[in-house]
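Student: Two chains, two separate frames, one set of hints: put the complex together.
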Amino acid sequence: MIETKKLVKRFGLKTILRGVDFSVQPGEFVALLGPNGAGKTTFLRILASLSRPSLGSVKVAGYSLPHESAQVRAKLGVVSHMPLLYPDLTAEENLQFYARMYGITNHQSRITEVLQMVGLEPRRKDLVRTFSRGMQQRLAIGRAVIHDPEVMLFDEPYTGLDQDASEMLDDVLRSVAAKGRTVVMTSHDLARAEDLATRFDILSRGVIAASATQNELQSTNLLAFYKQSLAAKN
Amino acid sequence: MSSPPSPSFFKATMAIVYKDLAAELRSRELLSAMLVFSMLVILIFNFALELDIKVRQSVTAGVLWTTFAFAGTLGLNRSMAVEKDRGCMDGLLLAPVDRSAIFFGKAISNLAFMLIVEAIVLPLYALLYNEARIFQPSFLGVILLGSIGYIAVGTLLSAMSVQTRTRDVLLPILLFPVAVPVLLASVKASGGLLNGATFAEILTPLNLLIVYDVIFIAVAFMVFDFVVEE
Chain R
145 MIETKKLVKR FGLKTILRGV DFSVQPGEFV ALLGPNGAGK TTFLRILASL
195 SRPSLGSVKV AGYSLPHESA QVRAKLGVVS HMPLLYPDLT AEENLQFYAR
245 MYGITNHQSR ITEVLQMVGL EPRRKDLVRT FSRGMQQRLA IGRAVIHDPE
295 VMLFDEPYTG LDQDASEMLD DVLRSVAAKG RTVVMTSHDL ARAEDLATRF
345 DILSRGVIAA SATQNELQST NLLAFYKQSL AAKN
Chain Z
795 MSSPPSPSFF KATMAIVYKD LAAELRSREL LSAMLVFSML VILIFNFALE
845 LDIKVRQSVT AGVLWTTFAF AGTLGLNRSM AVEKDRGCMD GLLLAPVDRS
895 AIFFGKAISN LAFMLIVEAI VLPLYALLYN EARIFQPSFL GVILLGSIGY
945 IAVGTLLSAM SVQTRTRDVL LPILLFPVAV PVLLASVKAS GGLLNGATFA
995 EILTPLNLLI VYDVIFIAVA FMVFDFVVEE
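Residue numbers (my numbering), protein chains in the order written: chain R, 145 to 378; chain Z, 795 to 1024.
What the hints contain is simulated information worked out from the structure, not anything from laboratory work. Incorrect hints may have been included.
[As the list claims (entries may be wrong)] Result set (BS3-like, lysine-lysine): computed pairs, CA atoms no more than 25 Å apart in a straight line:
(1) R:Lys-150 x R:Lys-203
(2) R:Lys-219 x R:Lys-323
(3) R:Lys-203 x R:Lys-149
(4) Z:Lys-805 x R:Lys-219
(5) R:Lys-203 x R:Lys-219
(6) Z:Lys-878 x R:Lys-219
(7) Z:Lys-982 x Z:Lys-848
(8) Z:Lys-982 x R:Lys-269
(9) R:Lys-203 x R:Lys-371
All values reported here derive from a predicted model rather than from experimental measurement.
Chain Z on its own, in the form it takes in the complex (with noise of 0.2 Å):
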């Protein structure tokens, strides 16, 4: 008997990506969620500290990684609720392809989300704290590799999580701890990045950072199907 058709990998990938761009550009709900929560949470804090400026400077990859946390998890919650909530994520494991496509599909758009939020927000960031030096290029390249260690293993858990009827309050008591690692190694990369250190200073959180990032998508890519499977 031969083997009937089934869409490559990456095909299957790029189309779980595309579907997610096109829903949210339509629906903008969990874009502006983020969005709001984040400008929030930079305002309390801006008001809350009543710092000056030279503590401000030394606080910044703190407020900066707290508030993409906190409205990280909020897009993984709502991106997989979608699909959990209308029966849509059976219609996913319906597809004659690799279920691992499905992790990296969602991973990706809730990927492009957190950096769309992480664009608007660090602009927004500079302005009220007087801190431009957010916007040098090795700064961005932290804040792209914590962000992907985050989301990656945040998309395995929501998996996990919107299964059951506490999915709200399950996927960050379930996330924050295992996200620590990636959470304190971005601080003190990015924090270091602020504070004038060299290469060699913050080789050590950088060189965690990608570690985390390579372990968690493997771990997700071998265990996805379990995840999702009643």
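Okay, chain R solo, but in the shape it has when bound (with noise of 0.2 Å):
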């Protein structure tokens, strides 16, 4: 489902990615973690087609990046820190609004099936800047979701929130994931990445260092995974 190999990106002189080679099947949920600075969002902002590789392939759901970006973007839905939303709008006039943007015929029925999924349907005519963090958040991932895309791509989606917010979105993460999609997601909550993902792949300075599923982590944690790939890298 995802794809990269040899991928490398430069902002001037200074190489973020050195040559990355990564793949995701489908219906996987991948934790790609690693310290600040490692290249994650910027990895990330290449798959989403919002950042040009400098050399390399990527492939995201059958299609080539960058050449190929109109019909990546639409089967792909994307998740940050930032919510992406207008706070002038409506909860509903947003997703109104993204529903247009993905060409989504008959989107009132869709709008209203997100905004329930996500626990927000009793504020769906109140202003987004009336939200807190952590609804906005779960209005963020409504708006990722509301075209039903294949791959979801998240991005330290926890950052800001408190621990309620945390719990809820944890719920609607595991939803999202239960229904078959790719998931990737960037954190730095090493327990919440451990009880949501399926694999653990580890970036540090620019390459993956390390991978391991669920599975092979059984008799360690990830944690120590994370450590001891993160030193072995050093």
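Tutor: This is the structure:
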């Protein structure tokens, strides 16, 4: 479903990604972990067609980037720590706008379905600027799944959320993944990643330093695996 | 593999226009800033120049286009900053549509805001400067052509400048030199009309305005994707 080969990204003289080989099978939930500055966000932005790779190949949902980026974007939902919502529009108007941008016909029933999924149906007529950070992030997930994408990318979705909001987001993420979608999530919260993901890849200094599935990790915990991977790389 | 559905170019463009107008109708941040600024400029010119009626009439085109250019820059900066500050530009770029639809959507809503400001400023100007000739249809046509060119190039450049830390300063620095031809042609054409020039006499600036509009709309259509991509 996702495949990158020898992916390199440079910003001027600085090389952020140094030949990333990465592959995700349909239905997998991959947690992409790593320290600050490892290149996680840059990597996700390339997968989302928001950034152009300097070298290497990228395929998402069977389409190549950057040449077939519109086809990739149609199959992709992205949630970052920014909600990508308009504060002066209501929850419903925000979803209507994105539904139009994705060419969804009969979007009213889909909007109701999505608002029910993220638990915001009673607040559909309220302006987004009146929402708490947690509610905005739930609506951001609704925005990202409005077109029923096959692939979901989550970039630090828990940033700035309190405990209750994080737990609610866990449930929403589980329901998103339960529909057989392919998910790649970056996070610094190892406990949450361990709870949600089926595979863990460690990105360090611009390359995938280690990878393990949940089954392979049963004898050890994710924190130990994470520390060992970073130590080996350094 | 079948291609996934995607919206038509026109529908995506209109979705952005509708979204911008609906958000502005609620917040009124952009329009109120542009309007207050325009009114202040008109008032300052009125008091600073202390002109007699005859001279006032000769500076009308210059005063109006100075006002529109500065107010337009305010609006252009704010319109793109709203998208950038909350990451909404990424939301737009993630839509499965040709990215030039984003340019056209933003440009049409920016033009709508500028025309609304002009529609309020022109009667105020007529009142303060005792100048009723600015309501003749040909003069309004020149205002429209000039505004289209200014907004086309301004929307493209604001998409560039908004990605920098110094965007508030950078946009006017980038925009004014590039917009000199459209501003000069607009002042020449509208000034000529107010001074009773024939259509043939203002044909050169009018042609320049039309060519400028066409060129910058075409350039923006071709390069917008590269401007907004990392």
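Student: Are the Cα atoms of Lys-219 of chain R and Lys-323 of chain R separated by 25 Å or less?
Tutor: OK: Lys-219 of chain R and Lys-323 of chain R at ~14 Å, within 25 Å.
Student: CA of Lys-982 of chain Z to CA of Lys-269 of chain R, is that 25 Å or under?
Tutor: violated, 50 Å
Student: Measure nothing beyond the straight line between the CA atoms of Lys-150 of chain R and Lys-203 of chain R; if it is 25 Å or shorter, mark the hint as holding.
Tutor: holds, 12 Å
Student: Given the hint that Lys-878 of chain Z pairs with Lys-219 of chain R, does the C-alpha gap stay at or below 25 Å?
Tutor: Holds, at about 24 Å.
Student: Run the distance test for Lys-203 of chain R versus Lys-149 of chain R: straight-line Cα separation, threshold 25 Å.
Tutor: Given pair Lys-203 of chain R, Lys-149 of chain R holds - Cα atoms ~9 Å apart, limit 25 Å.
Student: For the pair supplied as a hint, Lys-805 of chain Z and Lys-219 of chain R, is the alpha-carbon distance within the 25 Å limit?
Tutor: Roughly 19 Å separates the two Cα atoms, so the pair holds.
Student: Can you confirm whether the C-alpha distance between Lys-203 of chain R and Lys-371 of chain R stays at or below 25 Å?
Tutor: Violated: Lys-203 of chain R and Lys-371 of chain R sit about 30 Å apart, past 25 Å.
Student: Assess, step by step, whether the Cα of Lys-982 of chain Z is no farther than 25 Å from the Cα of Lys-848 of chain Z, and give holds or violated.
Tutor: holds, 18 Å
Student: Given the hinted pair Lys-203 of chain R and Lys-219 of chain R, is their alpha-carbon gap at most 25 Å?
Tutor: Cα-Cα ~12 Å, so holds.
Checked against the numbered hints listed earlier, the structure breaks hints 8, 9; every other hint is satisfied.
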